[in-house]
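Put chains H, D and P with the ligands on the given structure of chain U with help from the hints.
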Amino acid sequence: MTAMSMIQALNSALDVTMAGDPDVLVFGEDVGYFGGVFRVTDGLQAKHGITRCFDTPISEGGIIATAIGMGAYGLRPVPEIQFADYILPAFDQLVSEAARLRYRSGGEFCAPITVRSPYGGGIFGGQTHSQSPEALFAHVVGLKTVIPSNPYDAKGLLIASIEDNDPVIFLEPKRLYNGPFDGRIDQPVRSWAKEPTGEVPEGHYTVPLGKAAIVRPGEDVTVLAYGTMVHVCAAAIEDSGYDAELIDLRSIVPLDIDTIVESVSKTGRCIIVHEASRFGGFGGELSALIQERCFYALEAPVQRVTGYDTPYPHAFEWDYFPGPKRVHAALDLVMKAN
Amino acid sequence: MTAMSMIQALNSALDVTMAGDPDVLVFGEDVGYFGGVFRVTDGLQAKHGITRCFDTPISEGGIIATAIGMGAYGLRPVPEIQFADYILPAFDQLVSEAARLRYRSGGEFCAPITVRSPYGGGIFGGQTHSQSPEALFAHVVGLKTVIPSNPYDAKGLLIASIEDNDPVIFLEPKRLYNGPFDGRIDQPVRSWAKEPTGEVPEGHYTVPLGKAAIVRPGEDVTVLAYGTMVHVCAAAIEDSGYDAELIDLRSIVPLDIDTIVESVSKTGRCIIVHEASRFGGFGGELSALIQERCFYALEAPVQRVTGYDTPYPHAFEWDYFPGPKRVHAALDLVMKAN
Amino acid sequence: MASNAGLTFHVPEPSTRPGDAPDFSGLDIPPAGAVARPDCLAPEPELRALPYTLIRVLDEQGRAVGDWDPHLPPETLRKALRAMMLTRQFDDRLFRAHRQGKTSFYLKSTGEEAISVAQSMMLGAGDMSFPTYRMLGWLMARDYPLIDLVNQIFSNAKDPLRGRQLPILYSARDYGFYSVSGNLGSRFGAAVGWAMASAYKGDDKIALGMVGDGTTAEGDFHEALTFAAVYRVPVILCVTNNQWAISSYSGIAGSELTTFAAKSIAYGLPGLRVDGNDLLAVWAATDWAARRARANHGATLIELFTYRASGHSTSDDPTRYRPADEPVHWPLGDPIERLKQHLILIGEWDEARHSALVEELEQAIRAALKEGEAVGSLGKSKPPLEEMFEDVFQEPDWRVIEQRREAMGE
Amino acid sequence: MASNAGLTFHVPEPSTRPGDAPDFSGLDIPPAGAVARPDCLAPEPELRALPYTLIRVLDEQGRAVGDWDPHLPPETLRKALRAMMLTRQFDDRLFRAHRQGKTSFYLKSTGEEAISVAQSMMLGAGDMSFPTYRMLGWLMARDYPLIDLVNQIFSNAKDPLRGRQLPILYSARDYGFYSVSGNLGSRFGAAVGWAMASAYKGDDKIALGMVGDGTTAEGDFHEALTFAAVYRVPVILCVTNNQWAISSYSGIAGSELTTFAAKSIAYGLPGLRVDGNDLLAVWAATDWAARRARANHGATLIELFTYRASGHSTSDDPTRYRPADEPVHWPLGDPIERLKQHLILIGEWDEARHSALVEELEQAIRAALKEGEAVGSLGKSKPPLEEMFEDVFQEPDWRVIEQRREAMGE
Ligand SMILES: Cc1ncc(C[n+]2csc(CCOP(=O)(O)OP(=O)(O)O)c2C)c(N)n1
Ligand SMILES: Cc1ncc(C[n+]2csc(CCOP(=O)(O)OP(=O)(O)O)c2C)c(N)n1
Ligand SMILES: [Mg+2]
Ligand SMILES: [Mg+2]
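Going down the list, the sequences are from chains U, H, D and P.
Okay, so the first sequence: first residue is 1 according to the working numbering, each after it adds one.
Okay, so the second sequence: first residue is 1001 according to the working numbering, each after it adds one.
Okay, so the third sequence: first residue is 2001 according to the working numbering, each after it adds one.
Okay, so the fourth sequence: first residue is 3001 according to the working numbering, each after it adds one.
Looking at chain U on its own, in the form it has when it is part of the complex (with noise of 0.2 angstroms):
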């Protein structure tokens, strides 16, 4: 074990299956000589040689249709969009090729490609480097959709995804690429360094795809969350005092309904939270399961704490964030109901 950054057991993850895996290669705009903006494939070309790790033209949907051909092929490409914001000019890519050629093609070609993106706010990146999409991949017929929460789990599932037959769109959370932020943005800022999950195994591991972690059993309320939010929510269920279940769904697709239903038949009450705007986003699908499945369990109305639905402002990055102020209150909201 190694205390490592997420950027430090991402890059890992990379270094470890493509020294496994000859068919594995890394490419995006910047990730070469320089190793990526965020340096998560920093020195990848100087070890594995620069066919394996290299700088692509600033074309998306180049990017992905490469790599979709190399998979077809039979490579395992892991490519990397310098910011989720920068995903969509490549939507047709993911979801007219990539998503439907193994159904297609009657299972003759696949698309085992890993698409690697920083996603996410709370960096004053602005409109368009602080967006959170997974919801436009979750609605998209074969993809998975994978968003880890803190390094241990970012290179297990970062390998599980690269080992995977079928494409994933694996969203990285920027704002906790360096350490965990649970949103009080009045503490000094934290590192990886002191963090249990900062204990990283060097070599080879894999944490699967469609199993939630329980990040804290409770019997009082279930909340879900993933990527950043999961941070945000700890510190809204310590500042409650609640005895809240929290579970890191860890991937959306495949989604771990059995954890998730088992969850809130037992509490009866719970709260969904994620970054993205609201309207059409991933709580929804996740408000709608549970009351489908849990309904006569239910003893208040699940209730969902998310961005806005508004761009991400740059000024109101704050106001924007659903920091642990809004968690708390709709924690308090689901346990005072009835």
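Calculated directly from the structure, the hints in this document are not laboratory data.
If you're wondering where the values come from, they're calculated on a predicted model, not measured in any experiment.
Be aware that a few hints might be false.
DSS-like mimics (lysine-lysine), calculated; alpha carbons at most 30 angstroms apart, straight line [said to hold, decoys possible]:
1) H:Lys1047 to P:Lys3201
2) U:Lys325 to U:Lys266
3) H:Lys1325 to H:Lys1211
4) D:Lys2370 to D:Lys2380
5) U:Lys194 to U:Lys47
6) U:Lys211 to U:Lys266
7) H:Lys1194 to H:Lys1211
8) P:Lys3079 to P:Lys3370
9) D:Lys2158 to D:Lys2370
10) H:Lys1325 to D:Lys2158
11) P:Lys3380 to U:Lys325
12) H:Lys1266 to U:Lys336
13) U:Lys47 to D:Lys2201
14) D:Lys2158 to D:Lys2079
15) H:Lys1325 to D:Lys2380
16) P:Lys3158 to P:Lys3380
17) U:Lys266 to H:Lys1336
18) U:Lys325 to P:Lys3158
19) H:Lys1336 to H:Lys1266
20) H:Lys1336 to H:Lys1325
21) U:Lys194 to U:Lys211
Example chain H residues on the side facing chain D (calculated, C-beta under 10 angstroms, incomplete) [said to hold, decoys possible]:
22) Phe1054
23) Gly1061
24) Gly1062
25) Gln1082
26) Gln1127
27) Glu1317
28) Tyr1320
For each residue, glycine too, the CB sits at the ideal point set by N, CA and C.
Below, chains H, D and P with the ligands without anything else, positioned relative to chain U:
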């Protein structure tokens, strides 16, 4: 009033707005001389001139980018995307430019464009001529999404959309172009000629965006639908014998939340029906909203009847299509609950 | 600011419309054999005139002339003729089957058969094409079983694509034929990625990507060419310019101003412009590009200049937007007729053998249709319902499992 | 199948990396005045050599030479010099403000000031630019208020964009400056649409679109050029080739094989390649393209060849990927120095006036900064919270209204 098919009603909407406002332009693949592969723009080039209704290169991104630029200048472009499946190459233009322009420019520029596109299945169009992408748009802040279910609404909503100063995705249920379709595939094909909603005024009128229609009032259970599914639900309600209240949402953004809440508060039961695949679909948002706002009135879990979480497979058209049987089964389920 | 009020824009229009006499007088067609064949490793700056001419081998008399003659053995020519004829006859027969209500959709490649037949035969068994819907000739040239085509078109219980795809959107990996989809253009970049992967592995296989003239306007086209050029990828990228995109003539894709082959110049790649109705010219140009690619000199863009002799598909009626008799006035002739004439001229074919072959192919097609109909045409037979839920992912997740159960009434 | 096993692909690399001596020996720079200026209405086939050369007016001594000299009055030249200097000094000052924690982000256009200043001055007040984030010079040349820039950069209560945008992503409609966004390339096509709309109305206004060298690889680039060419749109489409895209040199965008100006040939459009550090050359080329556009002869692609003298932005450290002293070896000099030298040479400027101007501009910037800081730098002041919820739509819907109420604790 004249008997019109939905195609004729849409054509009339374009004709009327072009005649009334010289700033309305219509363009897209095959829309000019030929009049569109579904004939919606038939005759417009001959009548209004080649610079007001013209063919474009096959470049959905280019079509929308051009429309946005025209809108910024002050025109009111109405681009057509030939099939909604092919909107995706323009997804970045719609999300990153059209939807965000007003906000990010502090109101200096806006995108008063209406993107028309046939969507949905029931015509054996296979995976890429049958999809229902409305949930992808509903999640995008800054876009409106409108879906008519009959000729009268189609014309009135299209005129309202064109006159709206924000970008509108206008999805036309292609299975309804020539006649209502309720999913009873053993019945003879119907035309709009004998339908009350096929009686359409020749001149200018609008149906406001954000106002649902109560197609059939009822007391037992609320049925929420839009597009083709409105007709399927009507058939299923007829088959079931329940006194269901059928609501045609007509636009999903803006959503007529008041009408929904009022109805479900009254009935205590609700099913949501859409043709799009289920997971992350718009039904999730509706279900979440209802349980947030009508929790204490609900007597049974809100049920969703939707396309399956697979692509739309050619041979299995009627297995995939959520027909009246599946809607009827869901009605039974919610009515028998508790 | 210099200001002449009265700016305008221009909407291209074809020179003729229904009711007009067909007019191909604007075409500039050099004689067969007129274009010199440069070394296939020549640097791009030396090749910048090629996109503006037309590589032709078969002349009006059916002789093979000039530098580009690939000097193919008669056996090869007869095989090509056969594949083209089979494609034509199959298309005609299945188009009729659609009219008879046996399937939902069909699309022919009439007049364009030389392109995919020549490229399929010229390239290696291990090479991979990323085809359009108008490349049945590729499969015919590689003896893909007719019955598998019919079953796919009927979406029946024996459909190799398990009822999931619109008719003619084949996938045939073992025949070097990548999965076609309804989306235009979105596989052009995958051709580049596949070829890059082959190069990464030090393999010897190259890829061929194809789009139509209309589809060159998609961003995908540019992105694929950019990647192909930047990484010097062993790929052949092609445009079949059949001058129509459903109802839009190629001017709407930019052909008023330049050629599609000239788009190569934007990337510093060679561009060849080829008579697409001349099997020998298509063969030779593909061979030139393949040699260049295999020598690690990178990609070539080839424009195959042809004419879409039929409607776009069963959903189309071309007499609504172009003169009904335009196809018969197309000056570059019919690819089957031209190769047949050449074979007869060199004494390797005759009318009797030709008629016999027509009959033989007709029989084969009829037999396949009969076999397919025995399984069932569309709606009469379909794969087991489970197939709807397979291959969404390699392993179905709970959603698919639950929904399968629901659909199957379990 | 001819098969030479051992295919490869190639990843372009710059000739030098940190630690190496800078090397610009590969550049082929013709002398100023060497390129003839064709008539601006000349047909494209006559112009196909232009993309492969470099239009230059100011020579090494500071003389304006050759056909392309726009013969500008000294007053105009001094105005341009002032705008460039103001841009440079403002950039330097605000970059420091970022280092002092006064904002979240900044990005300079150092070395590239001639481009947007010349184009802003040359084009008309009603024309519209669709700019990149590196075009502050456009606004400076049109006397956009410094205080509005500062307030935007500080996202404070007086930010004209109401706290919604990342610093420097300005929007200034009345200054012919379309709303910039973080997304690269996605406004290139809007420039075409805007110009088409102007043409549709018979107006006299044209548009200018700009992307960086790296951004030419986006599909948007191709789509915009396609529409511009097909409809003969009065638009000037430009590429600022500053040879870097964050850490990637222009070879990753395809410059090993050809020029960015040559991409025009794909569309049958003229392409001009211009010394971007030579204000007179930029002016003259833009003027040529504007005249062509205003005469309804359609679009031109202009490559502005320059060098990104600073890091990409405050988030970048260029010494990690290129020699630290590369900027000082860049052979085409500094645009401010070159224009200054010219003005002195023709007796219209001197060092004393120059120093005085530096000082004057410094004062103006300092005053604006002070005024902005009085309102508040980032985090110290922001617009009223309502502004977060305005302009999502023209009229807020219930979601926005409910959420605004929640956010405001009502
Ligand atoms: C992305 C996308 N946009 C639009 C369509 C609708 N469409 C199908 S075929 C076609 C015309 C294609 O023309 P071209 O590329 O010239 O190919 P051809 O049919 O002539 O072989 C169009 C517009 C589509 N299938 N995909
Ligand atoms: C669509 C998109 N992809 C990626 C990025 C990230 N990004 C920001 S600037 C930049 C480099 C742009 O290079 P270039 O076009 O040459 O412009 P320059 O910065 O040199 O002016 C990149 C990759 C982005 N902003 N938008
Ligand atoms: Mg075509
Ligand atoms: Mg650059």
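Hint-by-hint comparison with the structure:
1. For the given pair, lysine 1047 (chain H) sits about 18 angstroms from lysine 3201 (chain P) by alpha-carbon distance, which is consistent with the 30 angstroms threshold.
2. Distance hint between lysine 325 (chain U) and lysine 266 (chain U) is fulfilled; the C-alpha atoms sit about 25 angstroms from each other, no more than 30 angstroms.
3. The hinted pair formed by lysine 1325 (chain H) and lysine 1211 (chain H) meets the criterion: a straight-line CA distance of about 28 angstroms does not exceed 30 angstroms.
4. With a CA separation close to 14 angstroms, the supplied pair lysine 2370 (chain D) and lysine 2380 (chain D) stays within the 30 angstroms bound.
5. Proximity of lysine 194 (chain U) to lysine 47 (chain U) is assessed by CA-CA distance (about 29 angstroms); at most 30 angstroms being required, the pair is judged to hold.
6. As the CA atoms of lysine 211 (chain U) and lysine 266 (chain U) are separated by approximately 19 angstroms, the hinted pair is consistent with the 30 angstroms bound.
7. At most 30 angstroms may separate the alpha-carbon atoms for a hinted pair to count; lysine 1194 (chain H) and lysine 1211 (chain H) meet this at roughly 25 angstroms.
8. Our distance criterion of 30 angstroms between C-alpha atoms is met by lysine 3079 (chain P) and lysine 3370 (chain P), whose separation comes to about 25 angstroms.
9. Distance hint between lysine 2158 (chain D) and lysine 2370 (chain D) is fulfilled; the C-alpha atoms sit about 14 angstroms from each other, no more than 30 angstroms.
10. For the hint pairing lysine 1325 (chain H) with lysine 2158 (chain D), the CA-to-CA distance comes to about 28 angstroms; that is within 30 angstroms, so the pair holds.
11. Taken as a hint, the lysine 3380 (chain P) and lysine 325 (chain U) pair is honoured in the structure, with Cα atoms around 21 angstroms apart against an allowance of 30 angstroms.
12. A hinted pair counts as satisfied when its Cα atoms are at most 30 angstroms apart, and lysine 1266 (chain H) with lysine 336 (chain U) qualifies at roughly 25 angstroms.
13. The straight-line distance between the Cα atoms of lysine 47 (chain U) and lysine 2201 (chain D) is roughly 18 angstroms, inside the 30 angstroms bound, and the hint therefore holds.
14. Between lysine 2158 (chain D) and lysine 2079 (chain D) the CA atoms are separated by roughly 28 angstroms; this keeps the pair inside 30 angstroms, and the hint holds.
15. Taking the CA atoms of lysine 1325 (chain H) and lysine 2380 (chain D), the gap is about 21 angstroms. The hint holds against a cut of 30 angstroms.
16. Distance restraint check for lysine 3158 (chain P) and lysine 3380 (chain P): the Cα-Cα separation of roughly 12 angstroms lies within the 30 angstroms cut-off, and the hinted pair is therefore satisfied.
17. Proximity of lysine 266 (chain U) to lysine 1336 (chain H) is assessed by CA-CA distance (about 25 angstroms); at most 30 angstroms being required, the pair is judged to hold.
18. Of the pairs offered as hints, the one joining lysine 325 (chain U) and lysine 3158 (chain P) holds, with about 28 angstroms between alpha carbons and a cut-off of 30 angstroms not exceeded.
19. Restraint check for lysine 1336 (chain H) and lysine 1266 (chain H): the C-alpha separation of about 17 angstroms stays at or below 30 angstroms, so the hint holds.
20. At roughly 16 angstroms between alpha-carbon atoms, lysine 1336 (chain H) and lysine 1325 (chain H) fall within 30 angstroms of each other, so this suggested pair holds.
21. Under the criterion of a C-alpha separation no larger than 30 angstroms, the hint pairing lysine 194 (chain U) with lysine 211 (chain U) is consistent with the structure, at around 25 angstroms.
22. Look at phenylalanine 1054 (chain H): its Cβ gets to within about 5 angstroms of chain D, closer than 10 angstroms, so that hint holds up.
23. Hint status for glycine 1061 (chain H) relative to chain D: holds, with the closest Cβ pair at about 5 angstroms, below 10 angstroms.
24. The beta carbon of glycine 1062 (chain H) is positioned within 10 angstroms of a beta carbon in chain D (closest approach about 7 angstroms), and the interface hint is therefore held.
25. Hint on glutamine 1082 (chain H) holds. Least Cβ distance to chain D is approximately 9 angstroms, under the 10 angstroms limit.
26. Residue-level restraint check for glutamine 1127 (chain H) holds (minimum Cβ-Cβ distance to chain D is 7 angstroms; threshold 10 angstroms).
27. Using the Cβ-Cβ criterion of 10 angstroms, the hint placing glutamate 1317 (chain H) at the interface with chain D is satisfied: the shortest such distance is roughly 9 angstroms.
28. For tyrosine 1320 (chain H), the suggested interface contact is upheld, since its CB lies about 7 angstroms from the closest CB of chain D, less than 10 angstroms.
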